[in-house]
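S.K.: With the sequences and hints as input, model every part of the structure.
Note that the protein sequences, when read in sequence, are chains P and Z. With my numbering applied, the first sequence corresponds to residues 1 to 173, in that order. With my numbering applied, the second sequence corresponds to residues 174 to 565, in that order.
Treat the hints as calculated values from the structure; they're not laboratory data. Be aware that a few hints might be false.
Quick list of the computed label-pair ranges, beta carbon to beta carbon [claimed, not checked]:
| id | chain 1 | residue 1 | chain 2 | residue 2 | range |
| --- | --- | --- | --- | --- | --- |
| 1 | P | S128 | Z | V335 | 43 to 51 Å |
| 2 | P | S134 | Z | V515 | 51 to 59 Å |
| 3 | P | M17 | Z | I366 | 25 to 33 Å |
Covered by chain P, according to a simulated footprint, are these stretches of chain Z (three or more residues, beta-carbon under 8 Å) [claimed, not checked]:
| id | stretch |
| --- | --- |
| 4 | 227-240 |
| 5 | 257-270 |
| 6 | 274-287 |
| 7 | 384-390 |
| 8 | 548-559 |
Quick reminder that beta carbons are idealized off the backbone N, C-alpha and C, glycines included.
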Amino acid sequence: MGPVHHDLAGGPTFEPMIQIDMEIKTFVSAWRHCDYVSTYMARMVSQNRSDSVRHSNLFSSAFNELLEIAFRTRHADGELACRVSRHGATDRIELKFPCVPEERQFYEEAVSQVAGFEASERYLNSVSGDLAPSREVALLELAVDYNATLRVEEADGGAIKLVVDLPLEGLQH
Amino acid sequence: MSPYDLLPRFKAQYDANNQEFSISGVVRPQGIDELGPSIALLRDAIGRVRGVLYVNVRRLTQMNNAAFHAFSRIIIDACRARPELKFVVITSSVVGWTSRKFGRLSGIEPNITIEEYDSQFYPGQGFLEEGRFVPILRTQTKMTWRHERAILPRHGMRAGMVMADICCGIGDFAVLVQKEFQPSRIVALDHSISSLDYARRVMREFDIRGIEYTYGDASEMLLDEAQFDLVTCRHSLQIFNRPELILKELYRICKPGGRVYITNEKNSHCLGEPRAESIRWTYNEVAKLFGHFEMDVELGPKSRRYLIEAGFEDIRVETFMVTNLDGDPQDFADVIAAWADVYAGEMATRRGDGPEFVARFRQGFQDHIFAALHPKGYAGWPIWVASGRRPQ
Ligand SMILES: C[S@@+](CC[C@H](N)C(=O)[O-])C[C@H]1O[C@@H](n2cnc3c(N)ncnc32)[C@H](O)[C@@H]1O
Chain P
1 MGPVHHDLAG
11 GPTFEPMIQI
21 DMEIKTFVSA
31 WRHCDYVSTY
41 MARMVSQNRS
51 DSVRHSNLFS
61 SAFNELLEIA
71 FRTRHADGEL
81 ACRVSRHGAT
91 DRIELKFPCV
101 PEERQFYEEA
111 VSQVAGFEAS
121 ERYLNSVSGD
131 LAPSREVALL
141 ELAVDYNATL
151 RVEEADGGAI
161 KLVVDLPLEG
171 LQH
Chain Z
174 MSPYDLLPRF
184 KAQYDANNQE
194 FSISGVVRPQ
204 GIDELGPSIA
214 LLRDAIGRVR
224 GVLYVNVRRL
234 TQMNNAAFHA
244 FSRIIIDACR
254 ARPELKFVVI
264 TSSVVGWTSR
274 KFGRLSGIEP
284 NITIEEYDSQ
294 FYPGQGFLEE
304 GRFVPILRTQ
314 TKMTWRHERA
324 ILPRHGMRAG
334 MVMADICCGI
344 GDFAVLVQKE
354 FQPSRIVALD
364 HSISSLDYAR
374 RVMREFDIRG
384 IEYTYGDASE
394 MLLDEAQFDL
404 VTCRHSLQIF
414 NRPELILKEL
424 YRICKPGGRV
434 YITNEKNSHC
444 LGEPRAESIR
454 WTYNEVAKLF
464 GHFEMDVELG
474 PKSRRYLIEA
484 GFEDIRVETF
494 MVTNLDGDPQ
504 DFADVIAAWA
514 DVYAGEMATR
524 RGDGPEFVAR
534 FRQGFQDHIF
544 AALHPKGYAG
554 WPIWVASGRR
564 PQ
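M.R.: Listed below in structure tokens is the structure:
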């Protein structure tokens, strides 16, 4: 592995790999876009992984859940920006999309629960419970099944940015 | 909407004989109403079975949380309503997320268990996936390459194309193709983790680029349809008890207009002089021995039929003979010695062959080596090459 660079905040530097931006209006016009975008980006970023085919399958699986969350935003204007960057075995997905203040609060709470101790217990409860799956469950599952770490960042212009680190390269065998 | 949107991307089936519900493909619905018929099928299956319901998700490549919850809900409810009923979810070791995701269900209901379907794909797997075959494969590929490098262009090999080598073993063929023909991309798949580790090590050490090794099952690959200009599968159809299933997959991943290229043996046609009789006897026995383990090492001349039946057109077949005269006769002798080791060793023992048979069986290999190294001798190993084009 090459030298590790650190950014000003002291964290490791993630090298940008690919970015896709589109009007949220266009994005939400067809459900299939989640599948297209996740499949396409997964293929692109997996090419130089040790098992590109399986990495791409896992990546698409995780990324699609995030896109499906963004799809359900109640905001009709603005942009969806997806960016993937890499540091070693970890891929970072940054997903920025417009969002109303209540939604933002929801994401902040959801993400803090994902980080909590009982994430896997919460996840099991939600699978076995009677309620329909919520967006929170999808985020929990990323942490539980893909060892993802998640955080929410403020973005300008009434948008929210979900930052998800996926250590998929380490997850296979 | 593109025509792609209209294709059903997943399939659910219930097989009453085996009490098996299976769902395959990409299941990413927006709402669970899109799953209506599949959900109804699962409910109906649960209503009919006694004892165990198998839920086969081996060929499930994607499933979003909405769908996962809809299906697991039904299974969990059934466990609660009918405590005598058991569920066995069959996942694949190839699709990384399925075992994890479905595995959670057994933590919720003890009547749900997860089985990772693996290893026993075909009866001879144990002999072939272990590291012992590595030296044989290396030398074999070195010998066949002398012929194949001239043959491949007649079967569609071109620079810049996208190709796949399925059942790639330790990757030597992919590396040789990469150097000689410079395809733009090679995906090389095998189900042996040790062979792939070896292949990746070679790639790193020799700084080879453009080959993507992937762990997979040739009978149900994660690779998308219609991706490759050329799909090769060498010396491998002959080791599966149902080669037509593999061929179907090779067809699926090949682009319309692209070609599938296969090589296979007819072991009983290995030959040598002097001592032709003993050699012939032994290789006839080799064919029977493999037959015992449901592998058909006589497949070579049947390639044409297999390709036609799989739907290919413009089928081309040719044969070549690897001999002791192609380079160093010692290489030829080494390969035979390695065959003798496995065939007259572990395989014969496994079949329960007695010492008398084994001695005679070994003798034929020794005679083949003798012929190969004899100053006036001749020893041969014939290979059948066949390819077909996927119709447009
Ligand atoms: C006889 S070797 C041929 C290897 C290589 N093509 C060559 O010519 O050297 C058969 C190969 O098939 C692989 N194999 C067996 N079962 C498989 C499966 N279900 N999916 C993918 N590969 C498999 C084995 O691991 C082995 O590497």
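S.K.: Taking the hints in turn, state whether each one holds.
M.R.: Each hint, compared with the structure:
Hint check: P/S128 to Z/V335, Cβ distance near 45 Å, so the stated range 43 to 51 Å holds. Between P/S134 and Z/V515 the CB atoms are about 56 Å apart, so this pair conforms to the stated range of 51 to 59 Å. For the hinted restraint 25 to 33 Å between P/M17 and Z/I366, the CB-CB distance of approximately 27 Å keeps it satisfied. Using a Cβ-Cβ cut-off of 8 Å, 5 residues of the stretch 227-240 of chain Z lie near chain P, which meets the minimum of three, so the contact claim holds.
As drawn, the stretch 257-270 of chain Z meets chain P at 4 residues by the rule of a beta-carbon pair under 8 Å; at three or more, the given contact holds. For the stretch 274-287 of chain Z, the assignment as covered by chain P holds, since 6 residues bring a beta-carbon within under 8 Å of that chain's beta-carbons and 3 suffice. Taking a C-beta to C-beta cut-off of 8 Å, the stretch 384-390 of chain Z contributes 5 residues in contact with chain P, enough for the three needed, and the coverage statement holds. Using a Cβ-Cβ cut-off of 8 Å, 0 residues of the stretch 548-559 of chain Z lie near chain P, which falls short of the minimum of three, so the contact claim is violated.
In this structure, only the earlier hint numbered 8 is contradicted, and the remaining ones agree with it.
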